[in-house]
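Engineer: Given chain A, work out where chain B should sit, using these hints.
Each protein sequence line maps, in turn, to chains A and B.
Residues in the first sequence are numbered consecutively from -15, following the numbering used here.
Residues in the second sequence are numbered consecutively from 638, following the numbering used here.
Do not take every clue at face value.
As the list claims (entries may be wrong) - Cut-off 25 Å, straight-line C-alpha distance, at most; resulting in silico cross-link-like pairs (DSS-like, lysine-lysine):
hint	chain 1	residue 1	chain 2	residue 2
1	B	K744	A	K273
2	A	K189	A	K200
3	A	K243	B	K861
If you're looking for bench data, these hints aren't it; they were derived computationally from the structure.
Please read these numbers as outputs of a predicted model, since none were measured by experiment.
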Amino acid sequence: MKKGRSEKLFDGVMTGVPTAFFVLLYLLPCVAGLFFSMTDFGGYSLNLEFVGLRNYKRLLQDPVFFKSILNYFKLYLGVALICFPLSYIAALALTKNNRIKERNFYRILFFFPNTVPTLILAIMWMTMYNPSFGVLNQVLGWFGIEPVQWLGSTKVVMISVIILVVWRMFGFYLVYFMAGVSNIPPDIYDSAKIDGASEFMQTIKITIPLTWDIIKTCLLFFVMTCMNVGFGTVYVLTQGGPDNASQIISSYLYLNITKYLEYGLSSAIGVVMMVITLTMSLLILKVMKRETYEM
Amino acid sequence: MKKISFGTMVIRFFMVLWSLIIIVPFAQLFLTSIKNNEEFYAGLWTLPTRPIQNAIENFSSAWRDANMGVGIFNAVIICGLSLILTLTLSSMVSYAIARRHLRHENKLSNLYLIGLLVPAMVGLTPMFIMARFIGLFNTRTILVLLYTATQIPFSVFLMTAFFRSIPHELEEASYIDGASPWRTFTSIILPLARPAIVTAGIFAFLDFWSEYMYGLMFLTDKNKVTVAMSILQFKTGNGVRMNWGVTSAACVIFIAPILLLYCLFQKKIVGGLTVGSVKG
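Extracted from the complex, chain A is given alone in its bound form (with noise of 0.2 Å):
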């Protein structure tokens, strides 16, 4: 079909002027931190200094820098090799089940804390990781253990920030998991019992390849949401802290915009930050790359 000429202004208006916003304001400020992180930018005079690589070579010397890298890759595989295994095993239990009435109940419970905002979380977390009246080490007593500087110790203060995004995190890939596994048609499910296979069986050559394209949905939205959620739980519960122990690259760059004015290093960090994703995607989709089997 031939587009007549008010077809096509449609199409140009309705592309072009939501993308003409998002590429104005979003695309080209990103690329544009490529240019930024060559300056020396401090915030004020617009005089800018072309220093070349000199804020990469600085962050290349910088132990914090590293860190709030090591850091990154500590939360996201924390999360993936925490709260995804178990919000899938938490699906199939929910769906396979029939018993289990008020699975919906659990469904829209655990979903809550991801509308409530990472800023209220931290600060309820934060009562919770007292050491001295804080839950974690009420319950902790009870079966006899020291109680734990949550926060205070800079070998415990990442598995805190972990612990809090795993909490946060699970009822939202339940919700993905649960969809997933309740779309696969129940008849593939019978001619597998006729044959003989197992329970175990059938969630391995069955239910996981038919939601193998969720996983990978759900592991590449963690590459982005990693960065944000990371930024507003450690801005807020630890501020880096203690010793920029818990400091990961978002909050890193934000600090130092805000407390040192560092903007050309803040935009080289923010550069290595776009390719730490990128590369994350590109690799996430190429490992996880395998034949989508159609129902």
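Structural biologist: Okay, now just chain B, sitting in the frame of chain A:
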């Protein structure tokens, strides 16, 4: 049969356990908001002796100290305008990508996908310079523009999937009746897409309402700050010697609209998230 019901019990046990783990921090927040500071330090689960009086004191001083009236007013204006702009622009481009058989359909949808993957923080410095250059620094307008721009990718992601699921026959019938594409879009497509627009709108609202990163950078005027920034001041301003009762009260005021929204629209929020991502 006995084996299965044992399994059910195990599942129930863990589900109830996790429910408790989810509820406890929230319960504690609400409880703290009706305690005074001594009662708070006496132990988390000690019940307040005069809850109503404490509540009145905490909530009124939270409202006063954080200047929450101004904060909420600003947040409502900024969220409202950003919401209108986000939903208008996103629904336009999502419809075009999903339904108009564009020549560059794939390139265009990849462009928005890039937006979903590149963290907005990368562009923070250029955004800052741009804001000063066009004279929008320290205005609420720049926040509206930036909130919209950063929210568009996710809204497009949610809406495109939904537009694809609308049956083609409805559009065809509309064209046969001689309606222009504009008319088809506004009077056939948009009303049908209401569930997707509501879901995208709720997610956008949740993001806008709690946003403070841009706010702290772009606003210096105390009368323009949003409520999220006012809450943050409790945390950083008072340091270790926080008044937990007042802080918790402020948090409760802050999340009250979210709680209300979630109670009203839980099905739309939870269900709308997965509309397009699950093939079926």
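Engineer: So, for every hint listed, does it hold in this structure?
Structural biologist: Against the structure, the hints:
1. B:K744 <-> A:K273: 21 Å, holds
2. A:K189 <-> A:K200: 17 Å, holds
3. A:K243 <-> B:K861: The given pair, whose Cα atoms are some 21 Å apart, holds under the 25 Å limit.
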